[in-house]
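Chains A and B supply the protein sequences, listed in that same order. No gaps in the numbering here: position 129 of the first sequence is 129 in the working numbering, and each next residue is one more. No gaps in the numbering here: position 278 of the second sequence is 278 in the working numbering, and each next residue is one more.
No wet-lab data here; the hints were simulated from the structure. Mixed in with the good hints there might be a few duds.
Stated by the list, open to error - Which residues of chain B face chain A? A partial, calculated answer using Cβ under 8 Å:
{"#": "1", "residue": "A76"}
{"#": "2", "residue": "G114"}
{"#": "3", "residue": "H268"}
{"#": "4", "residue": "M289"}
{"#": "5", "residue": "G293"}
{"#": "6", "residue": "P296"}
We put the CB at the ideal spot given by N, CA and C, even for glycine.
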Amino acid sequence: MKEVIEGSHAVSEAVRMARVQVMSAYPITPQTHIVEALSEYCADGRMEASFICVESEHSAMAACIGASSGGVRTFTASSSHGLALMHELLHWASAARLPIVMAEVNRALGPGWNIWMDQTDSLSQRDTGWIQLYCEDGQEVFDTTLQAFRLAETVNLPVMVVLDAFFLSHTYEPVDLPDQETADRFLPPFVPNIRLEHENPCAMSQMAPPGHYMEMRHAIQGAMETVFETFSEIEADFDAVFGRKYGMLEAVECEDAEVILVVTGTAASTCRQVVADLRKKGERIGMVKLKMFRPFPLEAIRETLGGARKIAVLDRNFSFGASGIFAQEIRAALCNHPGHPQVFGYIGGLGGRDITTDTLETIYRMTKESPEPARESVWVGLKEEE
Amino acid sequence: MSRTAETIDTAELMYPGHVGCPGCGATIAMKLALRALGEKTMLVIPACCWAIIAGPHPQTSLKVPVLHTAFATAGAAASGLRAALDRQGDTETTVVAWAGDGGTFDIGFQALSGAVERNEDFLYVCYDNEAYMNTGNQRSSATPFGMRTTTTPGTNWKRSRKKNIVEALAAHRIPYAATASIAYPEDLMRKFEKAKAMKGGSRFLHVFATCPTGWRVPSEMCVSIARLAVQTNIFPLYEVEDGNRYTLNFKGEKPVSEYLKPQGRFKHLTQADMKEIQEMVDEDWELLMRKIGLDPCG
Chain A
1 MKEVIEGSHA VSEAVRMARV QVMSAYPITP QTHIVEALSE YCADGRMEAS FICVESEHSA
61 MAACIGASSG GVRTFTASSS HGLALMHELL HWASAARLPI VMAEVNRALG PGWNIWMDQT
121 DSLSQRDTGW IQLYCEDGQE VFDTTLQAFR LAETVNLPVM VVLDAFFLSH TYEPVDLPDQ
181 ETADRFLPPF VPNIRLEHEN PCAMSQMAPP GHYMEMRHAI QGAMETVFET FSEIEADFDA
241 VFGRKYGMLE AVECEDAEVI LVVTGTAAST CRQVVADLRK KGERIGMVKL KMFRPFPLEA
301 IRETLGGARK IAVLDRNFSF GASGIFAQEI RAALCNHPGH PQVFGYIGGL GGRDITTDTL
361 ETIYRMTKES PEPARESVWV GLKEEE
Chain B
1 MSRTAETIDT AELMYPGHVG CPGCGATIAM KLALRALGEK TMLVIPACCW AIIAGPHPQT
61 SLKVPVLHTA FATAGAAASG LRAALDRQGD TETTVVAWAG DGGTFDIGFQ ALSGAVERNE
121 DFLYVCYDNE AYMNTGNQRS SATPFGMRTT TTPGTNWKRS RKKNIVEALA AHRIPYAATA
181 SIAYPEDLMR KFEKAKAMKG GSRFLHVFAT CPTGWRVPSE MCVSIARLAV QTNIFPLYEV
241 EDGNRYTLNF KGEKPVSEYL KPQGRFKHLT QADMKEIQEM VDEDWELLMR KIGLDPCG
């Protein structure tokens, strides 16, 4: 049944229907609505779960690690500074091969204090061994969160479901919510592959000397490489039950496109409109919405973008001293591809600044009119006096 | 009932092949603790000497399940494990966080304070060897006044007092906080058994554990040094229930110099320094006696 709910509550509803057993979180704007709803579900009995109100995000992830090691389905949510404070334990969770799911609301890091949309927080966690999935709207947030538990529990890696601050977390949209029975059909109860138990007392996450460490790291990459196939299988199962699928990336009007815009998150919705409008005017514009960032879908990227002429990547993030992070990854993915396209990098929408149809149309025209990229990144929407 | 060699359960939950240093007080503490706690125990061990002593992959020196965790997280990880066990209907298992003084007094203090404020149903044990011994003897906030460490060397020996961790925990009004010493095994095991039985809330044990390597004492003096710490009132044995009911377990009579002089870490102290330490210990003792409701001089 469709209900008009907030993006944050699309997360909470999915977590409830996933029958998560232990949650732990620390409040930070704009994540609070997610955990407030979950606290209510625990209080009124809609969820049979424990919610541990810890004193920091560092402890939130540590509590999830403890709970997941004990063999239960585990969830947390955070954002920005909170995610940064978790950093050490993000590495710990993935290397311990724990299937923890987190909702991460993309928010800028200070100073200056800024609670608004920016992707640098989640992208700074690129190398922590977490699967990262970026969502466009409330429905995708719900669906991806439910799928995330199956994905995490199949490959034994943690999953971060990423959604834009306010543009998605605080926006009300119609979301098709299944009944519990249907959700259960898609997501069976958690059966841990390994947990602490008296019958088989072992040590988890202990010291790993040079003779063992490297194989453990190699095994994590091995698991990452299985994600593409597992994700596709899970999406197919999800599609069979719910009639929706998204893909690791989605290509729109790319076949004959002269310029392909690569976007993530809610900017994809805006970009769909720009593609539709400009196509009507005869412009050969296409769009790729990138959903999966880790593992990075190299093959799909090469297949979809390898034959294009010009690619314009919109980054709502920045790696200081280098360029936009999605653009870097796409350049790296294509550099060994024969006759690879030119990659134009654009930085926009940092710290909550709007990405409008005008912004995207400007990016399209700049790319179309430039014979080659003038520099690694062009910042769009800057005020002239600054 | 007093214990004898015959009545102590000798079913060991610790293998002999651990990698502790000779004379390590922390291994004695674990051995005695597990005798008292029994096999329905799960340990959460953050970075500390015991993260090494418990053995590297694929070995373990313990016969109970162990969750190794990051330095600052013992209190939080133990909270999560407790919740997971409860959710699966296992209320019998005792979850024990087992951390050194660095992981308790310093980097893990926030997570510990948060956990005991929530009155998490676990036993938190700090085995205290009074510095970062695993990394080679750097000062912690458990390092006592007067001690030389590698980060308080030479004439810069530590001039601030040791943090009183039991009082800090008692201030959280948890059901049980107590000190224990490896030199008083009957008392120590009684406290572990008592803590185990007090299910439902946070219990904290501060265990004095000599580090012969870091303290620069012969390994065979491990237990006698720990005994002197109690006999000189440097490390009083006492219990606090609900943060307000104090019980004294032992009254020391000896001067602190008897404890300080045999240890290389205090070798540089003058008579005047030792007098200053004696005054601090007397002051602390008087404060403790007032809380217990005893005459400090009686």
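(request) Go through the numbered hints given earlier and state which of them the structure violates, listing their numbers in rising order. (result) 3, 4, 5 and 6
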